[in-house]
Structure formats: structure tokens, C-alpha cells
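With chain A held as given, fit chain B onto it using these hints.
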Amino acid sequence: MMVERTPILDTFTYTFLMVGICVVGFPIFYAVTAATLPLDQVARIPMPLTPGDQFFVNIQAAWTDGNLGRQLINSFIMAAGITIGKIVVSMLGAFSIVYFNYRFRMVAFATVFCTLMLPVEVRILPTYEMAANLLGPLQWLVDVLHLNSLLQWVTGNDFEIFLEWSLLDSYTGLILPLVASATCTFLFRQFFLTIPEELCEAAKLDGASAMVFFWKILLPLSATNIAALVVIEFVYGWNQYLWPLLITTDPDMTTAVIGLKNLIPQADDIPMWNVAMAGSLLVMTPPVLVVLLMQRWFVKGLVEREK
Amino acid sequence: MIKRSHFKSNTLAYLLITPQILVTIAFFYWPAIQGLLQSFMLSDPFGRRSQFVWFENFVRIFTDILYLKSIGITLVFSLSVAFISIFFGMTLGCLANRALRAKAMIRTLLIWPYAVAPAISGILWLFLMHPSYGVVAYFIENSLGLEWNPTLNGNDAFFLVVVASAWKQISYNFVFFMAGLQAIPHSLIEAAAIDGAGPLRRFWVITFPLLSPTIFFLTVMNIIYAFFETFGVIHAVTQGGPGGATNTLVYKVYQDGFIGLNLGASAAQSMVLMALIITVTVLQFRFVERRVQYTT
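Just so you know, the sequences run in chain order A and B. Counting in the numbering used here, the first sequence runs from 1 upward without gaps. Counting in the numbering used here, the second sequence runs from 1 upward without gaps.
Chain A with its partners taken away, still in its complex shape (with noise of 0.2 Å):
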């Protein structure tokens, strides 16, 4: 904005900002540089900041070194299986919530509402065995109520319950757990409630049924709202670290964020650091392209959905 002419505050705007845009930059701008180097180069101290002509080689060595390829496509499945599932199950929560009235509406709420703030990161273990056993709870109900001897009573025969259906190693498994959000239903439930009244009225004298309003009227009323969803819930699906690294021990089922850290060169290893820096720009892309095509929806999601 304008307010006054202060040309030597000006520059010293345009200088800073261009000083921060390098700061904030550099370490990309060095990591494509040792992208492009072959080995000789990017060993030497200190590292030459022209780029060299091996970044496909380099490329192609953090691909089938580190099993990239495999894994990048599970980044993506479990990315764009937590971005719809999330959206999908808290649209039609937030659905029910505000557009219906049933006994235990507010119970619904409220226990939707008392997760808003509690990440997996606290809660690691016992999800983790949640997730061993999807089954646990029943398998603890048949334990507690001894069904067991009830059964063997009953029939005569020797046997016993044992319930068990495994998340790990699985899509499911690395889905499943990240799609309950309170913050993307109670997004969606603040937006219902600005939504004129007439609408619906007027939906319901022309005879339409709930789902009906809910597909013609709400979910393209909805549209920008998506949007921002998808590039905040797709980054976020994508950068997941501490759940993937639990529910994966099978390398070919393992995310490309958790898989990029065997490219990282130990104490006594050949330091590719060129082949690291390659597959860190690899596994960064789609994430940050997401973001910059979709800028405009990203920044209002991100603003929006910490409201």
C-alpha cells in the first residue's frame, strides 16, 4: 500500500525482500546445484556453485538406489487417499451435524470436536497397536466376558476365539488413522451455517430429498472450499514422517519421505551428497508444485482452516 513517497525506505524494502527471498532460497538453489554435480565435485570443499551436466544421472541414482520410484507412488496413494477420505468423511459429518436434528446431535459434536488438537504424535503407541489389530477392542470384549469357556461350554468343543485383522504394511494402514479430522468437519460446519436459509427451504418445496440438496446445492456451493482443503490436506498427507515410519517396515510399502533417509551418506560412506540432494528435490516436487499451481486456494485453506 501507498501512503506517502519515501523513496530511501522503498529501496531498502526491495533490497531486503530480495535479501530474504535469497536466504529463504538458498538451500534449494544449493541442493539443485549439487544435483547437477558429478561426485568429484560435490566433495570438494568448498563445493563449486555452478551446476554441472549429471543431474539426470544423479536422478536416476536416488530412483533405483533408494527404491524411489516404488515409494513415490505410495506417497501418492497414501497423499491422495488421506485428502479425499478426509473431505469426503468430514463434508458428510459436518452434513449431518448441521443440517439434520437428531437426538444425539450434540454428542456427535462434541466428539468430534474434543480431537481437534490431538495429533498422533501423542497418542503413538496404542494406535500403533490399534492398527496391529484393528480387532483389539472386540478381541478384548470376548477376553473380559470370558466367551471363550462360554463357547467351549456351549458347544463341547475345543476351540477359540482369536480376532485379528492387521493394518501394518498396508494402504489402508497408512489412510485410515490420519482421515478423522475435527478441523476439516468443523471447517465445513462453519461454512454450512453462512449459508442462506432460503436455499434450502426453497430446495425442499421443489421436493428435493436431503442428499439431493446436498449434491446439487452444497457441494458446488463448496467448491472453493475443496480446493483449499486439497492442496492444504495433500502436503500435509505427503510430509507425514512419524506414522508411516511405525506402520511400514516392508521397504516397498514405505513412503518417499522415511525412504529418502537411506540416501543419506554416514560417517564412512562415499559422501553422494549430489545423489541425496537429487532425490530430496524428487521427493519435494509434487508437494511443492501443488502448492504454487494452486496458490490462490492454498493461502485462503491455510488462513481459513486455523479460524
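Hints should not be assumed to be uniformly reliable.
Dumping the calculated DSSO-like pairs for lysine-lysine here, alpha-carbon to alpha-carbon at most 30 Å [claimed, not checked]:
#: 1; chain 1: B; residue 1: K103; chain 2: A; residue 2: K300
#: 2; chain 1: A; residue 1: K216; chain 2: A; residue 2: K204
#: 3; chain 1: B; residue 1: K8; chain 2: A; residue 2: K261
#: 4; chain 1: B; residue 1: K103; chain 2: A; residue 2: K216
Honestly, the hints are just simulated from the structure, not real lab data.
Relative to the frame of chain A, chain B by itself:
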């Protein structure tokens, strides 16, 4: 709150909310209850036998020097990350808000690090600050003449993870400051300018106070980020070392529970974290409520 005009079908309403409730119970409430129970139990590493021990796990962690040290490290770590990223986010936000030309390009160039995973940010900075190959390490050693080795020296490693965690978060803060600055009425700034207040004075008297809710909110969000999401940075770069210098609370829960298989202690630590984050959330909601009352 409910719409005046709403639908009658109860069955459909329950069907619509069921997926959310099921996932919430399966992956939030059940684990939370299990964690709570486990924090009062002493189990063998395989979880076969356990014994109810009341508050023994809590007493044990709070008398454990390593845990107390980890609390200190986490506090210093999260305050440093919050301060650095908010300071740079605000400075860049104010400057970008003053800029008249190339506004969209400036914004684009400043927001993309948001999309970089914390772990990747850690790897980038590990390379920049690598004692043998990093250019920043070269600068620190040769231009500043300091000893530098984050793989051996705890303080150096701590500095490395703070910088890597804060760098990524600058964009997040920048976006919020841009939004906050645009919400300040232009007339206020103009009125102050007519009264003869210079740019710096206008910042301190008008902009900064009006940004204070944003700053408060971002402080909370950045501290939560530093507490939890930086796990990736720590795990990829230092694994809590050297000598426990970067062993934050969340990393310690993971290490004690998953690597040490000390279930009771890990659960008790989880409960402490959960209590902490619930307190912060409640505090923030009370503050937000008050802010709403001020504006209306």
C-alpha cells in the same frame, strides 16, 4: 447450532456421521484410553504380563534426569523455532505488504518452503552444515573461525535442527502475517501519516498492536509445530543425539516406546504430552473467544 430449515430423516443423519465417529473412536478415543491405562501399568517388553502400579511410571519419569533434560531441550527448542520463524515471517510479511511491484512473484517465492517436509528440510540443512562438505559449515569455520561439528557437538546439532525446523515454518507465518496486514484498515495508517507519524512509528503504534492476535495465535501454532511435527527433522538428522542434545519429548516417547520397549514409561510420557496440548488448546479457545467479544 442448527439450521432453522433442516431435514427430518434420522437414519440418514446417523449414516452420514457414522464414518467420522467410527474412525474417531477407533483411532482417537480407544488409543487414548489404552494409553491412559498403560501409563498406570508396569509391563514386560512383550506386553504379556502387566501390573497396576498407580503413579509409579509418572514418578519415575519425573525423577529421571534424562526426561527432565528432555523437557528443557524441548522448551528451548520450541521457543527458539517459534521466535526465529515468527520474526522472519513478520519482517518479510511487512516488507512484502509495502511492495507495490511484483507482489505476486514475491509471494510465490516466499511461500513454497511450506510444502517441504520437515525431514527433507532437515536433510537440506544437514548438507549445508555438514562438517566436511557443507558451505555454511565452511563459512562458520573459516570466516567466523569457530569450531563446528554437529555430528559430535551437542550445541552445534541443536543449532542445526532449530534452523532446519524454523526455515520451513517461515512461509507459514508469512502467509498469516500477509492476511493479518491486509485486514488492517488503510484509513488508520493514512490518518496516522497525516498526523505526522513516520513509517516506523506507524508500525509500532498501529500495525504491531493490531497484529498481536496473529502473533499470539502463531506463537501457539509454532510451539505445537516444534513439539510434534519436527519429529521428522530429529529422526532423519540427529536421532536425538549427540549425547541426547536434540532428544525432544516426542522423540523420547518414540525411542522409549518403540526402540526401548518400555511401554509404561512411554505411555506416561504420552499422557504428559496430551495433557499439555489439551491445556494449550483450551487456553487458545478462551483467548479467541475474548478476541471475538472485543471486535463485536
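Results for each hint:
Taking the CA atoms of K103 (chain B) and K300 (chain A), the gap is near 17 Å; set against the 30 Å cutoff, the hint holds. Between the alpha carbons of K216 (chain A) and K204 (chain A) the distance comes to roughly 12 Å, so the proposed pair stays at or under 30 Å and holds. Among the hinted pairs, K8 (chain B) with K261 (chain A) is inconsistent with the structure: their alpha-carbon atoms are about 54 Å apart, more than 30 Å. With a C-alpha separation of about 38 Å, the suggested pair K103 (chain B) and K216 (chain A) falls outside the 30 Å cut-off, and the hint is violated.
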